[in-house]
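Just so you know, the sequences run in chain order A and B.
Read in order, the letters of the first sequence are residues 1 to 414 in the working numbering.
Read in order, the letters of the second sequence are residues 415 to 900 in the working numbering.
A few of these clues could be false.
[What the hints assert, rightly or not] Mimicking DSS-like on lysine-lysine, the simulated pairs with C-alpha atoms at most 25 Å apart in a straight line are:
hint, chain 1, residue 1, chain 2, residue 2
1, A, K31, A, K196
2, A, K389, A, K4
3, B, K879, A, K333
4, A, K80, A, K127
5, A, K333, B, K617
6, A, K196, B, K777
7, A, K389, B, K613
8, B, K623, B, K462
9, A, K412, B, K777
10, A, K196, A, K333
11, B, K476, B, K617
12, A, K389, A, K148
13, A, K148, A, K127
14, A, K389, B, K777
15, A, K178, A, K412
16, B, K671, B, K462
17, B, K614, B, K743
18, A, K333, B, K776
19, A, K265, A, K229
20, B, K743, B, K613
21, B, K623, B, K439
In case anyone wonders, no lab produced these hints; they're calculated from the structure.
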Amino acid sequence: MARKLKHSLFTVIAQIDPGRREPLVTMLEAKSYLGTPQSNDVFAFGDLEQLHYASMFTYDDPEDGELFVLELNVDHTPEKFFDDFEALLDQNNEALEQWVSVCDHLHGYFGGAPSNIRRFFEGRVQKPSTPYVGAVGLSRDQIRLDQKVFEVVDQTLGGGANGRTFDQLTQDVLTNLKNDPATAAFADPIGDGGHKLGVLGWIGNGVAGVASLLGHAILGVINLYNERKAPEHNLRQNFAQVREQTAFEDHSPTNHMASIVFLHKDAARNLAKRNVYSLLNRAIRLFFNNGVLGGIETIHFAHWAIVNQGRRLLFVSNYDGTWDSYLDDFTLKANEGLTLAWAHGVGFPRSLLMVGGGAAYGPEFIDWARRSMTPCPVWYSAYPGLSIKRIIENRDLRRELASGGSNKDWLKHV
Amino acid sequence: MSDQISKALDAARPSMQGFLLYPYKEHQIAGYQLFSIEDIAVFRDTLKTQLDNDEITSANWKSDNPSARPLNVAFTASGLKKLLGDAFIEESYDRPFAEGMATNARARKLGDLGPNGHANWNWGADNEIDGVYLAFGADRAEVNARLGFLSGASGISPLAPLIVGDREPTSPQTGQSLEGKDIFGFADGISQPIIIGTKKYAKLSPTEKRLHGVPAGELILGFPDGTDRDWENFDGTERLPRSPYIPREFDQLGLLKRSTEAEASADFGRFGSYLVLRQIEQDYQGFWDFAAANGTDGRDKIATAEKMVGRQMDGNPLGAAPGENNEDKNGFDFSDDVNGRVCPLGSHVRRANPRSGGASGKKGDQKLRVTNRHRITRRARLYVDDNNKPGGLFFACLNSSITRQFEFIQSTWCNDQFFAGLQREVDPIIGTINRPPTGLASLDRFTIPAETCRDLLSGLTEFTKLKGGAYFFIPSMPALSVLAAM
Numbered sequence: 001m002a003r004k005l006k007h008s009l010f011t012v013i014a015q016i017d018p019g020r021r022e023p024l025v026t027m028l029e030a031k032s033y034l035g036t037p038q039s040n041d042v043f044a045f046g047d048l049e050q051l052h053y054a055s056m057f058t059y060d061d062p063e064d065g066e067l068f069v070l071e072l073n074v075d076h077t078p079e080k081f082f083d084d085f086e087a088l089l090d091q092n093n094e095a096l097e098q099w100v101s102v103c104d105h106l107h108g109y110f111g112g113a114p115s116n117i118r119r120f121f122e123g124r125v126q127k128p129s130t131p132y133v134g135a136v137g138l139s140r141d142q143i144r145l146d147q148k149v150f151e152v153v154d155q156t157l158g159g160g161a162n163g164r165t166f167d168q169l170t171q172d173v174l175t176n177l178k179n180d181p182a183t184a185a186f187a188d189p190i191g192d193g194g195h196k197l198g199v200l201g202w203i204g205n206g207v208a209g210v211a212s213l214l215g216h217a218i219l220g221v222i223n224l225y226n227e228r229k230a231p232e233h234n235l236r237q238n239f240a241q242v243r244e245q246t247a248f249e250d251h252s253p254t255n256h257m258a259s260i261v262f263l264h265k266d267a268a269r270n271l272a273k274r275n276v277y278s279l280l281n282r283a284i285r286l287f288f289n290n291g292v293l294g295g296i297e298t299i300h301f302a303h304w305a306i307v308n309q310g311r312r313l314l315f316v317s318n319y320d321g322t323w324d325s326y327l328d329d330f331t332l333k334a335n336e337g338l339t340l341a342w343a344h345g346v347g348f349p350r351s352l353l354m355v356g357g358g359a360a361y362g363p364e365f366i367d368w369a370r371r372s373m374t375p376c377p378v379w380y381s382a383y384p385g386l387s388i389k390r391i392i393e394n395r396d397l398r399r400e401l402a403s404g405g406s407n408k409d410w411l412k413h414v
Numbered sequence: 415m416s417d418q419i420s421k422a423l424d425a426a427r428p429s430m431q432g433f434l435l436y437p438y439k440e441h442q443i444a445g446y447q448l449f450s451i452e453d454i455a456v457f458r459d460t461l462k463t464q465l466d467n468d469e470i471t472s473a474n475w476k477s478d479n480p481s482a483r484p485l486n487v488a489f490t491a492s493g494l495k496k497l498l499g500d501a502f503i504e505e506s507y508d509r510p511f512a513e514g515m516a517t518n519a520r521a522r523k524l525g526d527l528g529p530n531g532h533a534n535w536n537w538g539a540d541n542e543i544d545g546v547y548l549a550f551g552a553d554r555a556e557v558n559a560r561l562g563f564l565s566g567a568s569g570i571s572p573l574a575p576l577i578v579g580d581r582e583p584t585s586p587q588t589g590q591s592l593e594g595k596d597i598f599g600f601a602d603g604i605s606q607p608i609i610i611g612t613k614k615y616a617k618l619s620p621t622e623k624r625l626h627g628v629p630a631g632e633l634i635l636g637f638p639d640g641t642d643r644d645w646e647n648f649d650g651t652e653r654l655p656r657s658p659y660i661p662r663e664f665d666q667l668g669l670l671k672r673s674t675e676a677e678a679s680a681d682f683g684r685f686g687s688y689l690v691l692r693q694i695e696q697d698y699q700g701f702w703d704f705a706a707a708n709g710t711d712g713r714d715k716i717a718t719a720e721k722m723v724g725r726q727m728d729g730n731p732l733g734a735a736p737g738e739n740n741e742d743k744n745g746f747d748f749s750d751d752v753n754g755r756v757c758p759l760g761s762h763v764r765r766a767n768p769r770s771g772g773a774s775g776k777k778g779d780q781k782l783r784v785t786n787r788h789r790i791t792r793r794a795r796l797y798v799d800d801n802n803k804p805g806g807l808f809f810a811c812l813n814s815s816i817t818r819q820f821e822f823i824q825s826t827w828c829n830d831q832f833f834a835g836l837q838r839e840v841d842p843i844i845g846t847i848n849r850p851p852t853g854l855a856s857l858d859r860f861t862i863p864a865e866t867c868r869d870l871l872s873g874l875t876e877f878t879k880l881k882g883g884a885y886f887f888i889p890s891m892p893a894l895s896v897l898a899a900m
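Chain A extracted, bound-state conformation:
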């Protein structure tokens, strides 16, 4: 097995120069890249071999002014990503021009070489409080290779078994995989770090998780009065705002969501916030490391980040299906988790001990979430048309075949 591969999920958040948000948005919209192969990848996202998903959007914060956000979901570390990014800009003048034209709208950017853009971005990296990865341990190239394996298998099976026995099918598949240069090395994982937690991981995360859970119970009681008194927004969606957002949705079967909410700021809440994201982190590592988050099987990459000096919660997500079904799934299957993650948001539907109520009131939560969103004009997927469920199936298919495919299990994955 390849070396354990880690993903990094983060954003770059930069102040927009006064009066420059509108031209920046207009420019981004004109370069809109909506995650389909036919879109025009002017930013050369596709040349960054560590990059899975990326997005660019802006929002107007009443206290912090107009902000630009670049979201990146990559293999390895941000540092390694920026090495590649800088190298790309060194070689690709057209892409450099595009990135310069974005940075020209941003406060504190003084122009110049690729290394300046790199420094500008790297200095503004915001790491999430809670990252979630669907395909734990899989690199971008592994995911693409696994899909090629699936395609070769699919072609080999053709319309069906057509009288071939299981052994013949396995033989045909293995031969075709070896004969196809794209899949010849299918048995040697290039970036499958495995998704299972080791014993030490279980112990470490388990102990930390129990501590966070206890912390949550204590802080829940301390916060109870404020929690029950906090005003709910209880507002319906703003249709004009939603229309701006849906213009960038459903162009591909995978979609993107960006949301920013105001956070309550008192001291007890601040403690509870930090504690709850630690709790969610442990739960994700222990239980939600194989493509399913609390019953939801559609999330590729998502993260919650406390930004703007602890005053805002940024949530970005790359998910399969439509926004309405995503949120519906969330409120019907995982409302306790949602309430844990968002109960400190101003205007959140009334919760109890930061885990009950809240998101369980589906429509109220859904409308609150819609109001917190900002349109996302630029969005990139390294493997459009591939669901997270298929990615996991493909991984298992390749693993079964790599071990000889002698039991029938590989057929379960096609």
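Assemble chain B onto chain A, guided by the hints.
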């Protein structure tokens, strides 16, 4: 207790339009007259006369006047905007209703693209419709008589010719009656949600109750919906689902209840529901030619077609003994067919209602409960031309949230190319296969899980095509009175 629901429903009957509870199967012919409102004042008079003379059929019609020919009316957002004026509070409605069915963003979501795109619709593409009258009778003459008021000064003018629905037309291809069937010859309309607490629900087997019982508020506004944890009991303290409201001063006669959501507002939606209409043309020849060309030694054209639909032609579940007269054709949940070897994962029936999704036990119950937050009451009929030749399905459904129910089924189940872990395929009966190019792979596949390995059909095309559609609200009788009196 559930008889409290039953009492509450009975008490609400005179206030509900009959179509909410009845498909009016006693009447062979239905007429769907789409209209635009030309003169608001004159139309208010028309509506008032109809209400005063009890011509709009309530859900109490069986006791009131069982022999009358039913007439119901529903409005689009554009119609309600005209009638309510300043009292139309857009955001109080479900967003798809307020925006209309034919928007670009919605077309992408629903798959109303390519052959199903607005450009090919006969009606609804410009969101130009204000409302629809639904009239029922033994024949066309009775339906026309019921709609006779349209020839006078009614304040509305018909948009598109009358669409005629027939409960039992004759198939031009087979010469047989299509009663209870679609054009392809498959039994249709079998699976319906049943409101918990009704007499019909009380008669169901425990299995059917588990599979098909839904709280009244899922289908009719003004009752608790499935948000409530306890679906069987109802004590009046539950949160009610969101319902359209108007400022209270517009309810001059005080006919409406106070809105539980917005201050100084009256609940306009109570005892109403959202109505979805879609005209779906069916290509009999194309469908059967494809099935015939894609059989195998062990699977003839009927078996292939049944795999695509997900039921036997006579409505029996796949896997039931052929010809077996199952009284209960709907008592299955796929828990014994996790991999879809009996009923393919991507078949129409499995996509349109995945039930427990193959899970069993407690997990199955949980999944079933989530699935049942997405049910719709179906009221479809086959539509026929002037020579009584059936052309396809006039799909009609009722739900209290178009977003969570109709649109969810259409986008997340039927037209989702990732459904149940599948890839590059959509519903083989109602999915949109030929979409505008995006560079993504074609969706013309259908997977049939089988013993050794899956069979794969390819080269599918649309065997049904959308010819029109719109979202309506079917108001309560008191809400109609408010519209007439403003």
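Ascending list of hint numbers which this structure does not respect: 1, 3, 5, 7, 8, 13
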